[in-house]
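Please model the complete structure; the sequences and the hints are all you need to start from.
So for the sequence shown, our numbering puts the first residue at 1; every next one is plus one.
Think of the hints as simulated: they come from the structure by calculation, not from any bench. Note that beta-carbon positions come from the ideal geometry of N, C-alpha and C, so glycine has one too. No false leads were slipped in.
The list that follows gives simulated cross-link-like pairs (lysine to aspartate or glutamate, EDC-like), each with its CA atoms no further than 20 Å apart:
hint : residue 1 : residue 2
1    : Lys29     : Glu94
2    : Lys107    : Glu66
3    : Lys29     : Glu115
4    : Lys178    : Glu147
5    : Lys29     : Glu103
6    : Lys178    : Asp152
7    : Lys97     : Glu115
8    : Lys97     : Asp82
9    : Lys29     : Asp60
What follows is a list of derived Cβ distance ranges for each label pair:
hint : residue 1 : residue 2 : range
10   : Gln54     : Ile181    : 36 to 44 Å
11   : Ser42     : Gly100    : 33 to 41 Å
12   : Arg27     : Pro6      : 34 to 42 Å
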Amino acid sequence: MKKEIPTWQATRLLQPGNIALVTARHRDKVGVMPAAWLTPLSQTPPLVGVAIHQSRFTHDLIRRSEQFALNLPGRPLAEQVDRLGRVSGFEDVEKFKLAGFAEAEPKQVAAPLIEECLAWIECAVVDAVETGDHTLFIGEVLVARVEEQAFDETWLLVDEEVKPLHHLGGKRYAVLEKPIIFEP
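Set out below in structure tokens:
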């Protein structure tokens, strides 16, 4: 038997999905925030979408810089990801430094990359669509890099240390157990 749930929880039915630490930089300001509302949009050209609440500091940085990076954390970063989700990143709070992340060099964008993450996706904003209280930033993928032992056409899911972190909603996170492979 199915039970009715509040409509605001309907988005959680579409999870778990990868969680990303979204980074952005505009001038001397840097923002980082966890986001679970991510989606692939196109392969040609390669487009991804991230929905960010309009009140977030990172939202403003993306709007101004017209670029962002998605940093995909693994299980070892779960506590830092959760902590970042509970800290507001206004101009006077440097969440990147607060989390103790090492900064990696991007190839195409100004947004810093998080060295400890499993993968990086550097994006240029090609469109921004207002969707209620969030903005869907559509980014063209300029560069994508991933840890070799974590990914080979898909996530390998062989070692706990290199499994991508997924968000279930609220304070709940997960990692995928193992792939299911169907042979023809």
